[in-house]
Amino acid sequence: MHTLNQLRPGDRGVVQGLLGDSSLHQRLQEMGVIEGAEVEVVRIAPLGDPIEIIVQGYHLSLRKAEAAFVEVEQGC
Amino acid sequence: MEPESGTSRSVGVVAVVGNPNVGKTTLFNALTGLNQVTGNYPGVTVERKSGQMKAGGCTAQLIDLPGTYSLAARSPDEMIVVDVLLGQQSGEKPVDAVLAVVDATNLERNLYLVSQVKELGKPIVIALNMTDLAEKRQIVVDAETLAREIGAPVVPICAHKRIGIDSLKQAVIEAVCRGRSDSIDGPEYPKALLDEVAALEKELNARRDTLGRPVQNMEAFRLLVDRGGYAEQRLKHRVPDLLGAPLDERRTRVGFNGSLAAVEARSRYAWIRRIVSAGVRKPSTRITTTSDKIDTYLTHKVYGTLLFALLMATVFQAIFAWASPIMDLVDATFGGLGDWVGGHMSDGVLKSLIVDGIIAGVGSVVIFVPQILILTLFVAILEDCGYMARAAFLMDRLLSKCGLSGQSFIPLLSSFACAIPGIMATRTIANRRDRFATILVAPLMSCSARLPVYTVMIAAFIPAHKIAGGLIGLQGLTLFLMYCLGITIAIPVAWIVKKTLLKGDTPPFLLELPSYKLPQWGTVGRKVYTQGREFLWRAGTIILSISIIVWALSYFPHSQSITQEFDQKRAALEHAVMSDTEREEAVKAIDNEESGAHIHNSYLAAMGHAIEPAVAPLGWDWRIGMAAISSFPAREVVIATMGTIFYIGGEVDENSDNLRTVLQTVERPDGTKLFNIPVALSIMVFFALCCQCGATLAIIRRETRSLRWPLFTFAYMTTLAYVGAMVTYHATTWMGWGA
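So the protein sequences, as listed, match chains G and E. Taking the numbering used here, the leading residue of the first sequence gets 507, the next gets one more, and so forth. Taking the numbering used here, the leading residue of the second sequence gets 320, the next gets one more, and so forth.
It should be emphasised that the hints constitute simulated quantities derived from the structure, not laboratory data. Ideal Cβ positions, reconstructed from N, Cα and C, are used throughout, including at glycine.
Here chain E is said to cover these stretches of chain G; the calculated rule only asks that three of the stretch's residues, wherever they fall, bring their Cβ under 8 Å from a Cβ of chain E:
1. 521-535
2. 544-552
3. 555-565
4. 569-577
Quick list of in silico lysine-lysine cross-link-like pairs, DSBU-like style, CA-CA up to 35 Å:
5. G:Lys570 x E:Lys601
6. G:Lys570 x E:Lys612
7. E:Lys818 x E:Lys555
8. E:Lys488 x E:Lys368
The whole structure should be built from the sequences, with the hints applied where relevant.
Next comes the structure, spelled out in structure tokens:
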């Protein structure tokens, strides 16, 4: 089991859930980062943060600190 | 429905909603044409846009609501969308129907908002936009199936090509007239959640007198689900026995570890998945689009950053180089106008007021409109094509270290055109602390109103040399560095403010990166026109008022004894033995001396002399000091002020015909030049760092709902400006640049 911030560009995974308790959760969920959603890491910003992912079919950028809340099972 | 204005029947009010970046504004413009009105909602500063949509003999009033991903509001601005849809926004008519704009290439995320809006129970029409982009990605959307599954009309359109607009208009009119929504089921929720929402709704409505209005089911839902949301924040003080801690107890009672937002999201996306699986066919492998390929370069580790810097530098050089021919034309036009009017009026107060006060004042500002429009054009294009989000992506690491976020980039970049829309753009930053920190440093971005100061000083005093083998112009480089100065100072300011006045956790950065689109020239043109008009409006009111006041201060008391003294000198010339040419030149010399004598005896001079000791450390004399002080309400008046002071001053040479030349020749009492490179740089630094814009301070007050923040902004920026100018003057003088 990994968290989203640990994936590298090109890696894919399925969201298993959100870790901890944060007001960020609701925003992540509204944007489609929910249990069962497929995610792909597209790239990392030139300065090393944030990352860009594809989720629910669109491009979303989020910081690694935020991606650390997202538990993913790598694969598919 | 009753007839209105004879030809068309008014059928009702329609709210236009959608996620950011779905083309909602482009569609709104297509539906309403020029029948638009812009205003503000009372109590908040979200812009209100409404317009008349005409179709088949009927008229509907459209309200363009701010783009939002969700109705879970966290701020007063986000709450506007909810309040308008619920029909409880003061000053707004109840909504009869909703037009939801969705992106056909991104239906899953877009339908989230639709599922929330649908639960309001109002008629809804879905505009399926960007069907052309969906086609490129081989995404096949069956509008009829979607309509059947969602329970609302789905009209495929392509707003920027105006495809499907007539069908959409017809569907909207029919929806308003139908007056009720279909009863197709939306997302399914656990019974425990629905029961708790119903109970809360009932108990809140029992306190209707305290709340002052009824509470609808949807609002009760939001109160329960949105922990820490704005809906609860604004009501909990009125009914503390129901909201706050008691509400947390309700959440715990529902179960799911109190995380009801997860329950909502799961239910909504399950509903969306069912709909999309029925009505949408996608390729098994995601098609790489042109937009994706472009991003390979524009967000690349090396190329992306270089292209970003190159783009910014191009903007600055364009502002300087492209505008020059137009500026010269404006200068000649106003100069000619002044000469013509002056030639048709007799000498006296009125002539001086009109020629030296009004025409010179307005001309000194209008001449810089071309640069403002060019800058605004660049900003609008970058925003409209989608590059702004990439800039935020590239810059977030940097900005978040200063206590801001990549989302701050767009407001800060907008502030280069004008801090006022830049500060208003901070509304998109949901986190209050991020937003306030951005607001406090936005005025440090060199706005278009600073351009007049930079341009005059650079053109007059920075040598037109090329460095780095002829690749870089020194004047362009100086302009670029003035822009960098504001950014450089903003970094420590934002960091300090975030660590002290605005302490707290780091807010999240969740930003969609939309597909690139060709800019919509209608949208871009509208923005450029609005910026130009607003600047000219200020030129026509605040700036003109101050120009007249400054003229009056520099003209009066216009002592009779001084006039008589010079009249005697002119009379003496009539009897002197000299040629007509010599007499004409001698009269001009006496006229100049007289002008100088009057201005040195003016109220402005008295004020200037009083503050001269304070501005001497900056390398300034009373005339520069007075110009700077008079610029505090609106910094762009400094050019008009200096134009007034130096054009009618005695130091003006016979052949001087524009401000640049005048500034290069004016002298101090001891005969040395008043302006040199250190003085020019000192003035530019002062104007770069000082907040000389009453309108900006007023906007800060509105956006922060406090007098404290604009006062703080004024104090810290004035201090920075004074210290910065002093350091600059003495450092560059010491380096020998003052020769």
